[in-house]
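*Asks:* The listed protein sequences correspond, in order, to chains A and B. Heads up, the final residue of the first sequence is numbered 307 in numbering that gives the first Met the number 0, and it's a clean run with no missing numbers. Heads up, the final residue of the second sequence is numbered 307 in numbering that gives the first Met the number 0, and it's a clean run with no missing numbers.
Calculated directly from the structure, the hints in this document are not laboratory data. Treat the hints loosely; a few may be bogus.
Any copy, or any two copies together, can satisfy a pair, since identical chains are not distinguished.
Said to hold, decoys possible - Computed list of lysine to aspartate or glutamate pairs in DMTMM-like fashion (alpha-carbon distance at most 25 angstroms, straight line):
(1) 188 <-> 283
(2) 298 <-> 285
(3) 108 <-> 281
(4) 108 <-> 138
(5) 12 <-> 260
(6) 298 <-> 107
Number of protein chains: 2
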Amino acid sequence: MDPIRIAVVGVGKIARDQHLPAIAGNRAFSLAATVSPHDPGVPEVPHLESLEQLLEDGPAVDAVALCTPPQVRYGLAAMALKRGIHVFLEKPPGATLAEVAALESRADKVGATLFAAWHSRFAAGVAPARAWLAERRIERVEITWREDVRVWHPGQAWIWEPGGLGVFDPGINALSIVTHILPRPFFLKTATLEIPANRAAPIAADMHFCDTGGAAIHMDLDWRQTGPQSWDIIVETDAGTLKLSNGGAVLSLPSGTEHAEDHEYPGLYARFATLIRSGRSDVDVDPLRLVADAFLRGKRATTEAFID
Amino acid sequence: MDPIRIAVVGVGKIARDQHLPAIAGNRAFSLAATVSPHDPGVPEVPHLESLEQLLEDGPAVDAVALCTPPQVRYGLAAMALKRGIHVFLEKPPGATLAEVAALESRADKVGATLFAAWHSRFAAGVAPARAWLAERRIERVEITWREDVRVWHPGQAWIWEPGGLGVFDPGINALSIVTHILPRPFFLKTATLEIPANRAAPIAADMHFCDTGGAAIHMDLDWRQTGPQSWDIIVETDAGTLKLSNGGAVLSLPSGTEHAEDHEYPGLYARFATLIRSGRSDVDVDPLRLVADAFLRGKRATTEAFID
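Chain A with its partners taken away, still in its complex shape:
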């Protein structure tokens, strides 16, 4: 089978750290081009300044991976889908829920694959956690996601703007795992969002959810954590406690602890290839919907200004 010719659009940190290596490591894909108006490309691969330019004058592509900030993603995705080009959307899949729904209809109509990627779902411990929880009664869930924004998002101004998600940018990773591993759907009861006086997006959030069986789910989300970082999910069940730590990489069950190699982005690209080969899309908006609900229903509190 011919490899899928793919262009990476937006060649920032996440593209260089994750997408380009994952594409290079998967024989189902060949990197046809990179696209960015300001970042440089990679040696020996055509580099274009815009997606328009790629589609008009560049090498032919079957697929694009959109690694730009979410605020501009809809226009790029719509442009690609219009030509039947498959689209990989970095998380979050858009700046609004309605635009993602519109893209999903568009992809259906033209028969192209749209993939809303949630990389944390491919962390090593997530699939076994989901399998283990499928048959348990959930009693209580505690999510602790505390990291240092200065380390992980240095100088990324867009993340603080309206349409950027603030601390929900990492928090949505936790939600993508929890929506995937818990056997019942859940929804927000109350939330408090802390917004720095000089920013539009939250730096911390405290959230209480409830699943449809009545189990309480608490989430502590904070971007002001210096020192050790926490990305932990603890699920208490009728058969003991499950703990996913290191963002899903390490799984502890009553029977013991499993560590495994990180394979999030390789896992995403394997999935994208499968979707393309089988003519399907995968657009799960549940994590983004929970975030929208937190903005819709949450209480806001102003907190200390954040200086990058």
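Since the structure of chain A is already known, use the hints to place chain B on it.
*Replies:* Frame of chain A, contents of chain B only:
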């Protein structure tokens, strides 16, 4: 056919003004009970203090109409659906999108009808507007929804709390019409929400949407309008201008103007009966999703405190 025995839960202003008369005027229904911990009931109809009490000791019911504030609606709806009782949800259908999705799955599972009611879609001009627009190219849409909150929501504190929608409580009526009459889906580009210094919810909003064909949709939403009130939707098309005014009651087309009697709630109850008789649900969350997107993506500005 036996009438559908219905209980009205939450006997506030909207129940008395609209639900009870619409039920009395439709022979498909018989009012079996009213439920409220503080409001009085109606003469010669059993009155219970809570839904639990109704389900345990009250007269048998086939359906409930939930007219309570949205913050408490999920628990009531889940309790009714658990017993296979059909549920009519006043707008907005819930305090969050995820809880409405969970109710929809629950209704599917038990084979009960769930109806997310959008009363403005049953305004007299809406169905002919939708039919007329189906074949037009949309060029521009202007939505002006300006009313006096002191007249329409006197002393309703819940509407200003997190989970209440503020000015989006009327604004969602406009969105329920526009999502229904326009031939293409649309999504938010930018929004500014004005929040009174002493409240959690917006008193005004200025929003720019875009449909998937590129047409611009502007919405001016304001709760500070004294004097004449405006509930107008203007749609410019390749075949001239359509105007829906008075909240959808009056339709002006290039060929002339039509006025018709209000029949919103009778229309809703006729639809609810049809859904129940045919074993279907109708849960369109598009208007609430657009509101959630405005909270998610919109810019906030603090404005003058609002004293009721």
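*Asks:* How would you label the pair residue 108, residue 281 (within, between, both, or neither) given a Cα cut-off of 25 angstroms?
*Replies:* For residue 108 and residue 281, the Cα distance is within 25 angstroms both inside one copy (15 angstroms) and across copies (24 angstroms).
*Asks:* Taking 25 angstroms as the upper bound on the Cα-Cα distance, should residue 298 and residue 107 be classified as within, between, both, or neither?
*Replies:* For residue 298 and residue 107, the Cα distance exceeds 25 angstroms both inside one copy (37 angstroms) and across copies (32 angstroms).
*Asks:* Please work out whether the CA atoms of residue 188 and residue 283 approach to 25 angstroms or closer within one copy, between two copies, in both situations, or in neither?
*Replies:* both (22 angstroms within a copy, 22 angstroms between copies)
*Asks:* State whether the alpha carbon distance between residue 108 and residue 138 is at most 25 angstroms within one copy, between copies, both, or neither.
*Replies:* between (42 angstroms within a copy, 23 angstroms between copies)
*Asks:* Could you figure out if residue 298 and residue 285 sit no more than 25 angstroms apart (CA to CA) within one copy, between two copies, both or neither?
*Replies:* Intra 21 angstroms, inter 23 angstroms, cutoff 25 angstroms: intra and inter.
*Asks:* Please work out whether the CA atoms of residue 12 and residue 260 approach to 25 angstroms or closer within one copy, between two copies, in both situations, or in neither?
*Replies:* within (21 angstroms within a copy, 60 angstroms between copies)
Of the hints listed earlier, the one the structure fails to meet is number 6.
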